[in-house]
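Enquirer: Numbered by this note's numbering, the letters in the sequence shown go through residues 1 to 235 in order.
Treat the hints as calculated values from the structure; they're not laboratory data.
All the given hints hold, so there is nothing to weed out.
In silico lysine to any residue, SDA-like type, Cα no more than 25 angstroms apart, as pairs:
| id | residue 1 | residue 2 |
| --- | --- | --- |
| 1 | Lys62 | Glu22 |
| 2 | Lys110 | Ser158 |
| 3 | Lys198 | Gly187 |
| 4 | Lys198 | Gln213 |
| 5 | Lys62 | Trp144 |
| 6 | Lys198 | Glu121 |
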Amino acid sequence: MSDVRSPRSQSECIVEWLGRVEYGEVLALQRQWASARTQGLAEDCLLLLEHPPVITLGRGAKRRHLLAGEDLLRAQGIEVWEIERGGDVTFHGPGQLVGYPILDLTRHGKDLHHYMRRLEEVLIRTLHRYGIQGERSAGQTGVWVHGAKIASIGVHVSRWVSRHGFALNVSPDLSAFDLIMPCGLSGIRMTSMAALLKRQVPVQTVAEAVAVQFALVFDCAVRWRSSPEAVLSLP
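Input sequences plus hints: build the corresponding full structure.
Expert: Written as structure tokens, this is what we have:
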């Protein structure tokens, strides 16, 4: 993993590859880092990782969007979290690249709509590097390929510091999405990079590609750190 600098970059962003981490652990880390960022005690950062199987319900989600009973979910070792991000219900699991940008948006334009479009742009550009044509869908947030959803976005912003972020399906078990109503909408098909490319793609390799595009889209210098022991405490 090498550092990346946008040709015009004025700001720096730490990027951390955490590997596979429990949802609650990273949720606590996000909140700590965002608090420190608000106080000017930490830099912008992008946390990149995978989660063990977990379902999260955003502010717009309803319990009926869970299509499996909680007994079944517990039997499969799948946690359910109600969280403060925008959006509806989604699934995270191995093979899915999750990114949590914790940014001071006063430095990146105080515009939530524009911020989410930039996250989409990062993912669209990353997919393009793999020969996949990602696209937006009118009135929806996220990235689609041929009408199937490949990436979801849900964020929370407090005092113009962002939390939560995106999930890109690299090579997850897509049948897990049958447990939920993605986005709270019936009939949504999910896809992945592996399904489209008909080969496996290492999640960490995609994480590196995302970091490059993140630096370019957000016009920042990316500095990699990869010490989970240090990261999973206050920066």
